[in-house]
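K.L.:
Make the full structure from the sequences, and use the hints.
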Amino acid sequence: MKNRICELLDIRYPIIEGGLAYVGNGALAAAVSNGGGFGVVGSAGRSPEDFREQIRLAAKLTDKPFGVNLPISEHSNQEPYIQAILDHAQQLKAVSISAGNPKPLIPLFQEAGLKVMVYIASVKHAKKAEQLGADLVIAEGFEAGGHNSPLELTLFALIPQVSQAVNIPVVAAGGIANGRGMAAAMMLGAEGIQMGTRFVATRECQAHDNYKKLLVDATDDSTLVMARSIGNVFRVARSPFAEKVVEYEKTGPTVQELLPYIKGSNNRIAAIEGKMQEGWVNCGQSAGMIESIESAADIVQKVAKEAIDVLNTTRLHFNL
Numbered sequence: 621m622k623n624r625i626c627e628l629l630d631i632r633y634p635i636i637e638g639g640l641a642y643v644g645n646g647a648l649a650a651a652v653s654n655g656g657g658f659g660v661v662g663s664a665g666r667s668p669e670d671f672r673e674q675i676r677l678a679a680k681l682t683d684k685p686f687g688v689n690l691p692i693s694e695h696s697n698q699e700p701y702i703q704a705i706l707d708h709a710q711q712l713k714a715v716s717i718s719a720g721n722p723k724p725l726i727p728l729f730q731e732a733g734l735k736v737m738v739y740i741a742s743v744k745h746a747k748k749a750e751q752l753g754a755d756l757v758i759a760e761g762f763e764a765g766g767h768n769s770p771l772e773l774t775l776f777a778l779i780p781q782v783s784q785a786v787n788i789p790v791v792a793a794g795g796i797a798n799g800r801g802m803a804a805a806m807m808l809g810a811e812g813i814q815m816g817t818r819f820v821a822t823r824e825c826q827a828h829d830n831y832k833k834l835l836v837d838a839t840d841d842s843t844l845v846m847a848r849s850i851g852n853v854f855r856v857a858r859s860p861f862a863e864k865v866v867e868y869e870k871t872g873p874t875v876q877e878l879l880p881y882i883k884g885s886n887n888r889i890a891a892i893e894g895k896m897q898e899g900w901v902n903c904g905q906s907a908g909m910i911e912s913i914e915s916a917a918d919i920v921q922k923v924a925k926e927a928i929d930v931l932n933t934t935r936l937h938f939n940l
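Using the working numbering, the first residue of the sequence shown is number 621, and each one after it goes up by one.
Be aware that a few hints might be false.
[Unchecked claim] With a cut-off of at most 25 Å between alpha-carbon atoms, the simulated PhoX-like pairs for lysine-lysine come out as follows: (1) Lys723 - Lys713; (2) Lys832 - Lys883; (3) Lys832 - Lys925; (4) Lys895 - Lys883; (5) Lys713 - Lys622; (6) Lys723 - Lys735; (7) Lys735 - Lys833; (8) Lys870 - Lys833; (9) Lys735 - Lys748; (10) Lys833 - Lys713; (11) Lys832 - Lys735.
FYI, nobody ran anything at the bench for these hints, they're computed from the structure.
Keep in mind it's a predicted model, so treat the numbers as computed, not measured.
P.N.:
See the structure below:
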């Protein structure tokens, strides 16, 4: 595959790993990159020191390009994470910015030689990111796991509108776990895809085995949305804990009353320690398509091959 995203990131396939709070480790990022995609080390849920360690680990395990994710609102103090990125700029190719205003960070990272990818969930934000100088936008639909936009736009409606509105490359994120999804996204106007949930169910991901098993066992209705009542929506795996939170929201709790249930430590205890009854895990609607735990490199190559086959077959069906 060759397109603007492949050229921009110097990769074989336009397949990017999502940031993955708590579980986006260096070994996983390296495996994605070794498979021909673009691995991303997540900073959410990590100390600055651990973030640096995971960047160094990824650099040790691959000689291919990889990047990092900086979710602005996830860090009460962004500076140590920004400095970690700048200190390792020579080892990195790009940084994805999510959950906040990227304006002051885009020139900072670009001056350090990094490409900047900005998460967006609307045409308005895509245009703004382009105006600010972003190299590409990651258009995330409401199907995605983790934090989402309260606009709740789904990918099928979002991608055609965003790709028509901006001139920079568009990456589709949310609800994609195989080559058919990738082919569909590209037909809608995307030049590449981002997968998060699919890469959790890999041998290299540091997620607990209970988390991975939950994804393999998932069906089409295995997710729900928490914190919608306070406008801080995020999609998680359906579980007794998550269902309890959603039921509690119906009673009209304040943000402070809801916070003990949705705090990050409840995510960590389930995602890393495997105590699923005591917390919640991020999970996109693509989970129902996950059938096995595989290596991340194999997933990248299988998804790319299937996408190419689907696109070629579609041409034949329509005698193009």
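K.L.:
Compare the structure with each hint and give your call.
P.N.:
So, going through the hints one by one against the coordinates:
A distance of roughly 19 Å separates the Cα atoms of Lys723 and Lys713; the hinted pair therefore holds under the 25 Å criterion. Pair hint Lys832 plus Lys883 holds up; C-alpha atoms about 21 Å apart against a cutoff of 25 Å. Taking the CA atoms of Lys832 and Lys925, the gap is near 24 Å; set against the 25 Å cutoff, the hint holds. A threshold of 25 Å between alpha carbons decides the hint, and for Lys895 with Lys883 the separation of about 15 Å falls inside it, so the pair holds.
Our distance criterion of 25 Å between C-alpha atoms is met by Lys713 and Lys622, whose separation comes to about 18 Å. Using a Cα cut-off of 25 Å, the hinted pair Lys723 and Lys735 holds, with the two alpha carbons roughly 14 Å apart. Between the alpha carbons of Lys735 and Lys833 the distance comes to roughly 35 Å, so the proposed pair goes past 25 Å and is violated. Taking the CA atoms of Lys870 and Lys833, the gap is near 30 Å; set against the 25 Å cutoff, the hint is violated.
For the hint linking Lys735 to Lys748, the alpha-carbon distance of about 17 Å falls within 25 Å, and the restraint holds. With a C-alpha separation of about 32 Å, the suggested pairing of Lys833 with Lys713 is violated against the 25 Å cut-off. As the CA atoms of Lys832 and Lys735 are separated by approximately 31 Å, the hinted pair breaks the 25 Å bound.
In summary, the structure is inconsistent with hints 7, 8, 10, 11 from the numbered list given earlier, while agreeing with the others.
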